[in-house]
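Start from the sequences and build out the full structure, keeping to the hints where you can.
Protein sequences, first through last, are from chains A and B.
In terms of numbering that gives the first Met the number 0, the first sequence has 3 at position 4, counting the first letter as 1, and numbering is strictly consecutive.
In terms of numbering that gives the first Met the number 0, the second sequence has 400 at position 401, counting the first letter as 1, and numbering is strictly consecutive.
Some clues are possibly wrong.
If you want a taste of the chain B side facing chain A, the calculated C-beta under 8 Å gives, among others [what the hints assert, rightly or not]:
{"#": "1", "residue": "235"}
{"#": "2", "residue": "328"}
{"#": "3", "residue": "417"}
Pulled from the structure, derived: some chain A residues nowhere near chain B, Cβ distances all over 10 Å [to be verified]:
{"#": "4", "residue": "3"}
{"#": "5", "residue": "4"}
{"#": "6", "residue": "5"}
{"#": "7", "residue": "20"}
{"#": "8", "residue": "24"}
{"#": "9", "residue": "44"}
{"#": "10", "residue": "83"}
{"#": "11", "residue": "84"}
{"#": "12", "residue": "85"}
Not everything, but these chain A residues come out facing chain B in the computed CB check (under 7 Å) [to be verified]:
{"#": "13", "residue": "15"}
{"#": "14", "residue": "16"}
{"#": "15", "residue": "37"}
{"#": "16", "residue": "39"}
{"#": "17", "residue": "46"}
{"#": "18", "residue": "48"}
{"#": "19", "residue": "49"}
{"#": "20", "residue": "74"}
{"#": "21", "residue": "86"}
{"#": "22", "residue": "87"}
{"#": "23", "residue": "89"}
Note that these hints are calculated values from the structure, not bench results.
This structure is a prediction, so every number in the text was calculated from the model and none was measured.
Glycine included, C-beta positions come from ideal geometry on N, C-alpha and C.
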Amino acid sequence: MSIDAREVRRIAALARLEIADDAVERVAGQLSSVLEFAATLDELDLEGCEPTAFAPPGAPLRPDEPDGRRLDPEDALAGAPEVRDGHFVVPPIVENVNP
Amino acid sequence: MTATGDPWRDSAAAIATRVRAGTLDPVDAVESGWDGPARRWERDVHAVVHSDAESRHTAAVAASERRDGPLAGVPVLVKDNLCTTDYPTTCGSRILAGWHSPYDATVIRRLRAAGAVVVGKSNMDEFAMGSSTEFSCYGPTRNPHDLARVPGGSSGGSAAAVAYGLVPAALGSDTGGSVRQPAAFCGVYGLKPTYGRLSRYGLVAFGSSLDQVGIFARHAGDVALLYAALAGPDPFDATMRENAPPDVTGWDAGVRGLRLGWPANLWARGVDEAIVAGLERAAAALERAGATRVPLDFLPGEYGVAAYYLVATAEASSNLARFDGVRYGHRAAGAADVNALYTRSRSEGFGPEVQRRILLGTYALSSGYYDEYYLKAQRARTRIRREYAAAFERCDVMLMPVAPTTAFRLGEKTDDPLAMYLSDVFTIGANLAGLPGLSVPMGLSPERLPVAAQLLAPADGEPALLRAARAIEAEGDTAKLPRGSEREVAWPGSR
Numbered sequence: 000m001s002i003d004a005r006e007v008r009r010i011a012a013l014a015r016l017e018i019a020d021d022a023v024e025r026v027a028g029q030l031s032s033v034l035e036f037a038a039t040l041d042e043l044d045l046e047g048c049e050p051t052a053f054a055p056p057g058a059p060l061r062p063d064e065p066d067g068r069r070l071d072p073e074d075a076l077a078g079a080p081e082v083r084d085g086h087f088v089v090p091p092i093v094e095n096v097n098p
Numbered sequence: 000m001t002a003t004g005d006p007w008r009d010s011a012a013a014i015a016t017r018v019r020a021g022t023l024d025p026v027d028a029v030e031s032g033w034d035g036p037a038r039r040w041e042r043d044v045h046a047v048v049h050s051d052a053e054s055r056h057t058a059a060v061a062a063s064e065r066r067d068g069p070l071a072g073v074p075v076l077v078k079d080n081l082c083t084t085d086y087p088t089t090c091g092s093r094i095l096a097g098w099h100s101p102y103d104a105t106v107i108r109r110l111r112a113a114g115a116v117v118v119g120k121s122n123m124d125e126f127a128m129g130s131s132t133e134f135s136c137y138g139p140t141r142n143p144h145d146l147a148r149v150p151g152g153s154s155g156g157s158a159a160a161v162a163y164g165l166v167p168a169a170l171g172s173d174t175g176g177s178v179r180q181p182a183a184f185c186g187v188y189g190l191k192p193t194y195g196r197l198s199r200y201g202l203v204a205f206g207s208s209l210d211q212v213g214i215f216a217r218h219a220g221d222v223a224l225l226y227a228a229l230a231g232p233d234p235f236d237a238t239m240r241e242n243a244p245p246d247v248t249g250w251d252a253g254v255r256g257l258r259l260g261w262p263a264n265l266w267a268r269g270v271d272e273a274i275v276a277g278l279e280r281a282a283a284a285l286e287r288a289g290a291t292r293v294p295l296d297f298l299p300g301e302y303g304v305a306a307y308y309l310v311a312t313a314e315a316s317s318n319l320a321r322f323d324g325v326r327y328g329h330r331a332a333g334a335a336d337v338n339a340l341y342t343r344s345r346s347e348g349f350g351p352e353v354q355r356r357i358l359l360g361t362y363a364l365s366s367g368y369y370d371e372y373y374l375k376a377q378r379a380r381t382r383i384r385r386e387y388a389a390a391f392e393r394c395d396v397m398l399m400p401v402a403p404t405t406a407f408r409l410g411e412k413t414d415d416p417l418a419m420y421l422s423d424v425f426t427i428g429a430n431l432a433g434l435p436g437l438s439v440p441m442g443l444s445p446e447r448l449p450v451a452a453q454l455l456a457p458a459d460g461e462p463a464l465l466r467a468a469r470a471i472e473a474e475g476d477t478a479k480l481p482r483g484s485e486r487e488v489a490w491p492g493s494r
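Put into structure tokens, the structure is as follows:
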């Protein structure tokens with residue numbers, strides 16, 4: 000399976016990444032070579048193989064229980080690039096229709 | 000283990016014993032590595048990305064007031080993707096530049112609770128994506144055995160620091176071989192534990208079904224010491240096994256009766272001669288110690304690589320969606336709307352390999368390709384798991400290479416992602432199947448580069464791995480100091 004420049008741009012948009020125009024062809028080639036290699040999986044007999052989502056199967060997940068430890072909201076927000084009044088700041092999401 | 004005059008040359012076990020006995024101050028144990036080997040090596044090797052004398056001193060003084068615990072006063076360097084409150088946690092990425100975690104990872108808490116001194120953060124491939132530690136925003140780490148060569152990756156900083164003597168032990172993370180392969184390239188021990196045995200709370204996620212925290216040391220016994228201090232249930236990590244971890248205190252109990260799996264078809268071609276010779280020597284050492292060799296025919300590793308680079312990238316594309324310029328780290332300036340903020344922050348913050356893997360994972364998960372790639376890879380994973388299960392009905396421990404080659408040169412594979420990915424051909428299987436694996440030093444190649452062998456075991460087989468590693472160590476194949484350190488080549492206390 001090979002990927003062309005248009006496909007790279009489509010995936011990049013989905014992934015919220017911007018690929019420079021002069022890099023698109025190179026990235027397309029690199030992704031294609033990995034996907035072509037991934038086609039070796041077609042040689043494997045997968046009859047009766049259900050998907051494994053994580054290892055080790057059979058180890059039960061613990062029940063979700065709240066823990067006593069607390070994280071102060073101020074500490075939790077301290078690593079954010081822009082914070083105001085205990086909230087993350089982002090550019091406007093909806094335009095102001097009533098200025 | 001014998002103690003020497005310079006604490007930096009001692010094993011973690013020897014340091015802890017001396018600190019508890021009151022004959023060594025943790026401050027000296029910590030600074031010995033920085034005053035001695037770091038002056039000789041660190042500028043060239045560049046293993047450390049965050050550390051400072053004041054924080055080290057504060058942590059060492061705290062340990063000096065306690066002087067207890069199995070790791071009393073032992074300096075430990077940790078990979079830059081493990082959350083620490085005293086140093087930045089940046090995953091070798093511009094997107095997390097300067098970010099400080101508000102909490103310690105569980106393994107960091109356990110290190111500190113056991114008396115260890117966390118001395119800083121080690122260099123890594125960005126977000127642990129790479130096999131050479133060249134994809135770091137801080138620049139590459141170099142192999143102390145040959146500065147023109149890579150230390151392996153992605154935990155290359157931790158491996159190199161343990162190899163040149165900065166610290167007796169370090170932590171890394173292993174998603175597809177990122178502890179075992181750098182341990183092999185740098186000539187130290189590197190354990191990837193069973194999935195679900197070391198907590199990942201506070202390990203920045205890459206491939207959640209594959210990631211494990213791992214341990215580097217220069218002695219098999221020190222790996223056991225750290226494993227015992229770190230393993231065990233953690234309510235903060237939902238993927239932990241809930242029963243008690245296996246007891247590794249018998250790491251020196253020998254291998255009499257051990258069945259050693261020998262899948263020679265895997266190295267029939269494409270593996271360096273020195274590495275094949277190392278495998279022969281490892282098997283011979285184990286046989287002399289009472290193990291029996293069981294020839295096996297095993298599924299070639301290429302299928303694992305194919306499955307891995309679909310599963311791991313799919314999980315990475317999802318895990319790394321959280322880095323959006325809003326909640327952590329880097330934010331692009333002047334974005335007019337939220338989508339532009341996300342896209343520009345991510346494009347400026349992530350390096351080329353991380354972007355490549357996010358794209359690949361996004362593609363594998365995208366509508367129309369999901370069944371063809373992601374689902375097929377997950378089914379292949381089941382097949383691979385069964386292969387291991389069948390092999391471990393016939394043997395207790397399997398021996399195979401860690402990587403097909405010794406350390407490669409800087410720049411050799413950075414522009415060829417597939418070639419880089421194929422250097423993980425022998426390590427990926429353990430991650431896909433959730434099994435423990437241990438990289439064991441097997442001396443030096445004719446070019447004087449470290450050679451290694453990999454021991455694999457069924458889930459919770461850490462005790463058998465450590466007994467086998469110790470048997471090989473006792474037979475004379477030990478971790479080696481890099482050239483130019485001094486005249487002596489073996490680390491003291493190994494035999």
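If I take the minimum Cβ distance from residue 20 of chain A to any residue of chain B, is it greater than 10 Å?
holds, 13 Å
Residue 86 of chain A as chain B interface residue, shortest Cβ-Cβ below 7 Å:
Hint violated; residue 86 of chain A Cβ to chain B Cβ min 11 Å, cut 7 Å.
Does the nearest C-beta of chain B fall within a distance shorter than 7 Å of the C-beta of residue 37 of chain A?
Holds: closest Cβ of chain B sits about 5 Å from residue 37 of chain A, inside 7 Å.
Let's test the interface hint: is any C-beta of chain B closer than 7 Å to that of residue 39 of chain A?
holds, 5 Å
Residue 84 of chain A clear of chain B by more than 10 Å, beta carbon to beta carbon?
holds, 16 Å
Would residue 83 of chain A pass as off the interface with chain B, using Cβ distances and a cut of 10 Å?
holds, 13 Å
Residue 5 of chain A remote from chain B - nearest C-beta pair above 10 Å
holds, 13 Å
Non-interface label on residue 4 of chain A, tested against every C-beta of chain B at 10 Å:
At about 13 Å from chain B, residue 4 of chain A clears the 10 Å cut-off, so the statement holds.
Looking at residue 44 of chain A again, its CB stays over 10 Å from all of chain B?
At about 8 Å from chain B, residue 44 of chain A fails to clear the 10 Å cut-off, so the statement is violated.
Per-residue hint verdict: residue 235 of chain B, partner chain A, C-beta under 8 Å:
The hint holds - residue 235 of chain B has a Cβ within 8 Å of chain A, the shortest such distance being about 7 Å.
Restraint check, 8 Å cut-off on beta carbons, for residue 417 of chain B near chain A
Given a least distance of 5 Å, the restraint on residue 417 of chain B holds.
Residue hint residue 328 of chain B, partner chain A, criterion CB-CB below 8 Å
Holds, about 7 Å.
The structure does not agree with the numbered hints 9, 17 and 21 stated previously, though it agrees with the rest.
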